[in-house]
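Given chain A, put chains B and C in place with the hints provided.
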Amino acid sequence: MRRNVPVPATLGAWLALILLPALLPVGVAHAQGATERTLTLGVYTTPREAYANGIIPAFQEFWKAQRGQDVRFETSYMGSGAQSRAIVGGFEADIAALSLEPDVTRIQEAGLIKHDWKATPHGGMISQSIVVIGVRPGNPKGIRDWDDLCRPGVQVLTPNVRTSGGAMWNIAAIFGAALRGQTSAAPGDTAAAVTLLSKILAHVTVMDKGARESMLTFERGIGDAIITYENEIMTAKLAGQPYDYVIPKSTLLIVNPAAVVDTYAEKHGSADVAKAFVEFLVTPEAQRAFATQGYRPVEKTVGAEVAAQFPPVPDLFTLADLGDWPKIIKKVFDEGGVYDRALNAAQGTK
Amino acid sequence: MAGTRRIGAWSRGTLFLFAAVVIYLAVLLLLPIAALVVQVAKTGLSSLFGQVFGGDALRALEMSLILAVIAAVVNGIFGVAAGIVFVRHKFMGRRVLDALSDMPLSVSPVMVGLAFLLIFGRGGWFTPILDLLHFKITFAFPGLVIATLFVTLPFTLREVSYVLLELGEEEEEAAAILGASPWQIFFRVTLPNIKNALAYGVTLTIARALGEFGAVLIIGGAISGKTQTGTTFINVAMEERRDAAAYGMALVLAVASVLLLLVLEALKKVEIKADEE
Amino acid sequence: MKKRFRAVIAAGPMGPGTRLAVILYIVVLVLIPLAAIVEKGLTGGVDGIWRAISTPMASKALFLTLWTAALMAVINAVMGTATAWVLVRHPFPGSRFLATIVDLPFAIPTLVAGIMLVTLFGPQTALGAWFGRHGLQIVFANPGIVLALLFITMPLVVRAVEPVLMELDPAEEEASFTLGAGSWTTFFRVVLPPILPAIASGTIQCFARAVAEFGSVVVVSGNIPFRTLTAPVYIFSEVEGDRPAVAAAVSIVLLLIAIGLLFSTRWLQGFVRRERV
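Residue numbers (the numbering used here), protein chains in the order written: chain A, 1 to 350; chain B, 1001 to 1277; chain C, 2001 to 2277.
Errors might be hidden in some of the hints.
[Stated by the list, open to error] Derived contacts from chain C toward chain B, CB cut-off under 8 Å, selection only:
{"no.": "1", "residue": "Pro2033"}
{"no.": "2", "residue": "Ile2037"}
{"no.": "3", "residue": "Thr2083"}
{"no.": "4", "residue": "Leu2111"}
{"no.": "5", "residue": "Phe2214"}
By construction, these hints were calculated from the structure, which means they are not laboratory data. Only a predicted model underlies this, so the values are computations on that prediction, with no experimental measurement involved. Built from N, CA and C at the ideal position, the CB exists for glycine as well.
Looking at chain A on its own, in the form it has when it is part of the complex:
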């Protein structure tokens, strides 16, 4: 005997019961009220803590004091390259805070950034760091410099250049150090630099999507050395991870840009908040938040304050010493470039 319960009725009742309370808090579209503004950030993987724990709360206070409005933040953290392409591909971020200049330039070239974002006192940059080699506590394998990464039995971590900005800084640092004669390769010898790079790549065990993912893999016990941002190691140490790191003799200065994505900010009616936020990023308060997480500040006074925190580098070079980003990308990262050749050569030696 079948029970004569009308199916649509019970089904509908259940659905209503479940749907109603679920729909209430999650609004599909947030209307920008007079007292609540929304900012959408597209950031690369490592500065999460700096933003979540320091900068965002500070800015919310600041804006509340200034304008009496609450600011709600929607955030996305992804590898810099992936994030940049997502924004170009339709992710409507009001602000792009990425790892390297080309990732912001890509957004500008897509017509989404319409102002000269580099016309700030710091050239559009909001934080700095250097490329370092993270090692296990006590540095059991005695890694001191780039060449040590080629030693037999040393396992290296570095992320995937397609998606990670950090990966690009890493490769540029090794390549640059080699060209500058600070490694086993002779100065100016591109072929030797490629060989060094390929030897190191042959020792890479995992290539994650982003710098943060790479750090986490290291924490899971994989690898003897991780090539990463100095700030990433410091953030990890703050989170209780027992790392040491080694600063190679010659390494690259990392500078991170941030810019308002005009098209989307205007579309969301948040252009003013967005502009204020980007300007806020270089105020002493925000810079101190960055410094706490291990970023070298761009702002001079804070820089002086925390100088003791950051060891000096024997040969610190900048990208300008290697050329400019478009040239480097063409030479190193494009198809058939230095990186591709090194990767394929590394494959051959496995």
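Quick look at chains B and C alone, frame taken from chain A:
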């Protein structure tokens, strides 16, 4: 009589087989779940509740639930309608459509994300129309809905089709002969017959929707507070070293799955009982 | 009478309007997205596809995907059949519980499954370290991939074989024993032939499912290019790296495999007979 053996006798071979199977299942299924529970216990139950039921975790969970409900409703209706159409009708292209509706089971979630990006993303096939309508699909809620609908499409359909096939048309025929209208036949004859299959399919749909990861990651971007689902939240939480939150959410989803599993088993029992009547 | 019935069901909820809606739904949700992938993948023509999949990374990824899925399918075929056999023929206290557990991988999110495996077998765990000392790395290596795939697809073979086993008449086996045949002979000559199509069907389904797997593999494998990077993860990184044409090209290969497998399964089941999920 030499060689007589009862089926079910516990010979040495059987014992060995039995042990092998039990060990296999235990290692492959029970141990991982136990590991997860242990991990959660290690990170502390109180912090678990704090983390999972606070802020963005809760929103992510809500998002997953909403998507699951939408998928259950829409693909439930589709499953019934398409089941009827494929089993009771004959028309050109039926086999192709039937095969197409099975595709989501073998299409990789990353391909789903790619496909919808190609259609709705920048430079996509339908993007000009979307821009005109000011309707956003990629990196927004509608995109998540569409991706979830794709991956959960076959479940209810398969269950309902199976039952419709088994039952044949006699009851509906009889009702028609007795003068019932199409809608009456549907509500009074067809629907009650497929009730169980429908429930079973809907449960599978919900389970699949809760578990979707790759497609929603690509199409939604895991924007916290906007396109974050339970699964992509776990991903993000692990990246932020918020282990308590990540394992907590994993446990919540796992518990939800187990509950759904129990519902499935109960439905199976009801089905068996109904068969025996 | 039949004509009247046909006329009746050709109206209302089972009528042409429903049929049209169903067709449109499938076309828009499944056909068009898949077509978009094919179109994108073919931007360089068939040559382009060959170029995309013959790069060292892509070809290794495809090869890895296929052999891990194949190995896992073989293991699953054997162990799944054994499990079904034990559950059907040798019920024991607690076998109900095991039967329920077998369905668990269907309900659990694949991402959570991957996390569970890492929690259990990761290099920093007791188990993982033990295996490591014996030279076998599980997580972030190929064994981990096979394990994850095994977990995810485990129910498929069991559920395909179980119903067929249940319908087998024990009298045949009994007769075989009476005639003096041993267990293994009985198994291979009496039991296996009728269940072989079901085993094959289940195995093919789990192979197809494994080829497409993303969520668990991306967590467990370490995603090392040339070594533990599978095709779906490769597609994912190409999508994130804004190379949709390459992603689409590799996707086409996976799509062809899926279609091929789909048709083999159908051929094994007979078109209209749909299998319980």
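Mind checking the CB of isoleucine 2037 of chain C against every CB in chain B and telling me if the closest is under 8 Å?
holds (5 Å)
Does threonine 2083 of chain C pass the interface hint, meaning its C-beta sits closer than 8 Å to a C-beta of chain B?
holds (5 Å)
Mind checking the CB of leucine 2111 of chain C against every CB in chain B and telling me if the closest is under 8 Å?
holds (5 Å)
Holds or violated: the hint that phenylalanine 2214 of chain C contacts chain B, with Cβ atoms closer than 8 Å.
holds (4 Å)
Does proline 2033 of chain C pass the interface check with chain B, least Cβ-Cβ distance below 8 Å?
holds (4 Å)
Of the numbered hints stated above, none is contradicted by the structure.
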